[in-house]
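Chains as they are written, first to last, in our numbering: chain F, 1 to 266; chain L, 1001 to 1403.
Calculated from the structure, these hints are not laboratory results.
One thing to keep in mind: the hints can contain errors.
[To be verified] In silico EDC-like pairs for lysine to aspartate or glutamate, Cα to Cα no more than 16 Å straight-line:
no. : chain 1 : residue 1 : chain 2 : residue 2
1   : F       : Lys112    : L       : Asp1300
2   : F       : Lys80     : F       : Glu134
3   : F       : Lys80     : L       : Asp1300
[Unchecked claim] Output of the computed footprint for chain L on chain F, the stretches with three or more beta carbons under 8 Å from beta carbons of chain L:
no. : region
4   : 110-117
5   : 127-138
6   : 142-155
7   : 173-182
8   : 232-246
No residue lacks a Cβ here, since even glycine has one placed at the ideal position from N, Cα and C.
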Amino acid sequence: MGRIADAFENARSENRAALVIYLCAGDPDLNATVELVVAAAESGADIVELGVPFSDPTADGPAIQRAAQRSLRGGTTLAKVLETVRVIRSRTHIPILLFGYYNPILSYGEQKLVDDAAESGADGFLVVNLPPEESAGLRGPAVERGLDFVPLVAPTSDPHRIQQAGEMATSFIYYVSMTGVTGSTATDLASASKRAAALQRELGRPLAIGFGVKTKADVATVSPHADGVVVGSAVVQAIEVAASTDEAVLAVRALVSELAGGLARQ
Amino acid sequence: MRYLARLMQPLESVSGRYGPYGGRYVAETLMPALDELSRAYEECQGDPAFQAELDSLLHHYAGRETPTCLASRLSAEVGMRIWLKREDLCHTGAHKVNNTIGQILLAKRMHKTRIIAETGAGQHGVATATACALMGLPCEVFMGAEDVRRQAPNVQRMELLGAKVHSVTSGSATLKDAMNEALRDWVTNVRTTHYCVGSVAGPHPYPMIVRDFQAVIGRESRVQMLEQAGKLPDAVVACVGGGSNAMGIFAGFIDDAAVRLIGVEAAGDGVATGKHAAPLCAGGVGVLHGAKSYVLQTADGQIVEAHSISAGLDYPGVGPEHAWLKDTGRATYTAVTDDAALDGFQQLCRTEGIIPALETSHAFAYLPTLAKELGPDADVLVCLSGRGDKDLETVIEQLAERG
Ligand SMILES: Cc1ncc(COP(=O)(O)O)c(C=O)c1O
Chain F
1 MGRIADAFEN ARSENRAALV IYLCAGDPDL NATVELVVAA AESGADIVEL
51 GVPFSDPTAD GPAIQRAAQR SLRGGTTLAK VLETVRVIRS RTHIPILLFG
101 YYNPILSYGE QKLVDDAAES GADGFLVVNL PPEESAGLRG PAVERGLDFV
151 PLVAPTSDPH RIQQAGEMAT SFIYYVSMTG VTGSTATDLA SASKRAAALQ
201 RELGRPLAIG FGVKTKADVA TVSPHADGVV VGSAVVQAIE VAASTDEAVL
251 AVRALVSELA GGLARQ
Chain L
1001 MRYLARLMQP LESVSGRYGP YGGRYVAETL MPALDELSRA YEECQGDPAF
1051 QAELDSLLHH YAGRETPTCL ASRLSAEVGM RIWLKREDLC HTGAHKVNNT
1101 IGQILLAKRM HKTRIIAETG AGQHGVATAT ACALMGLPCE VFMGAEDVRR
1151 QAPNVQRMEL LGAKVHSVTS GSATLKDAMN EALRDWVTNV RTTHYCVGSV
1201 AGPHPYPMIV RDFQAVIGRE SRVQMLEQAG KLPDAVVACV GGGSNAMGIF
1251 AGFIDDAAVR LIGVEAAGDG VATGKHAAPL CAGGVGVLHG AKSYVLQTAD
1301 GQIVEAHSIS AGLDYPGVGP EHAWLKDTGR ATYTAVTDDA ALDGFQQLCR
1351 TEGIIPALET SHAFAYLPTL AKELGPDADV LVCLSGRGDK DLETVIEQLA
1401 ERG
């Protein structure tokens, strides 16, 4: 079993959801990313989704769009993100899921990416615009190397597509709580969580709920039902408003600790 | 009536591949909507009532068939026989309306209650707003802030037609960013909204649907050439932004192996300067806006901003079927600069009394080069994709700068 599946197992044994924290690599810079991931790990995050910035992030709202732009202006590339993962690995064992869009991956080379990602210590891939139908070129090599491929299920997915995602998942499934981009306000997190709970029973795989989860209260709404909860834009925004890397680290520590406080199941 | 709005049988596999190109690289949330669109389109293809309604609107409302005419004075200047397929005479002034009437009819069939579109030059935005006004659907158009500025008359037209225009400031604030924003809206409102894509780009089935709706250009002009020239053209030339007017006219001749198909991209300041919009001529294979095709990108897969005097060609991607036509050699692609396009623009005004769109002017700018190769006996059909009223401000400004 990989680190990601272990993290879900561990959270389950503590009778809570796993807390997944999204950070955009290279925002504000790649050295800061190392510190921010360590801070998140030390403050209660179970898994980190490390965003690989892309020039045209069509599934992201303004906060993550701005983070990606800052990162790209600083010269972040996929190769540099992998170097950063290697540095992070010398500091923490937290599972790292590379999260991004397909074109930088295609450009890097799928097999080469899988090899280099495995060597750097990354644990898997989630590619927003790579649905199951298009994913064989990355998923095949990834699974062979023991890396996870995380499929998505959306509120619009029909039973056939949900089944397909279940079959492709190697560790967990990412459940998009609503139709929308990242950073939107979820209208009904409670029912999305209950639906996720039903799906994870049906599929026999953990589901993590993302999109629209921002506060401790949101985490507390999700945690009793789903196996995982993802917070992204709120973390990215906390980093954006910080005046320095030190301040950003403190802000991430405070926010992640607070979010983790919402995980307890009564 | 013989404007031939028949929809072609799809050549694509279910996944919408053109060789290695095309496909569906979108968020999971949109995948069911693309399936729904594919199913709806398939139903329409087999439904005579849909065909009849489309035919009737294209004829009585949009003014099809459009003429093909011999451009005698231009021919004499350039040194070969040049035939013009007059899409500038379509209602709204460009070929874009062929597609929007089809798609809005389709959207109504799918019981969608809201339409969104992206636009560069504003022609697709105007054509979408027009079809929405005609069929009573609310319409919102995403347009880069830079294009809102340089195509102001079209913004006013869209607003008069009842559409809401969103000025997009992210990225390069041009067509690419407008399409990003339209996709973000669609992923949010996908249950109620149809995204009316304006070119043969985007995820499957859009490249197929838009080609099929535009193929009327090729089918009409093939018949017209046989009637008027007594032969097929030696070459067919069209400008390529996303590639819809080119795919539409190429579709009519694709099985005529002796007819050369030539697409003209925007070379901006010159392909060598890096400031251009010529992914087929100078880009690499990548994935943008849901499809695999040629794109302008950096060595690590970030999309690069395009540069063109013409808002409708100012796009770093191109439809996937063009990528396949290029690789197979069935079509060839070339690029002309902003400057050459301005020359082509003026030449058509002066010789034929037709003010073309700046997009279209790129096709004309290539003709002198082609004439040297083909000689005076050649018959060349050019897709006159749109008229240039919208571009007067840009052209006058640029010509003043030239002095
Ligand atoms: C008149 C005209 N021609 C051509 C284009 C380019 O689009 P396409 O390559 O899809 O025909 C546009 C786009 O705005 C246009 O307005």
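- Task: List in ascending order the numbers of the hints, as given earlier, that are violated by the structure.
- Result: Hints 2, 4 and 8 not satisfied by this model.
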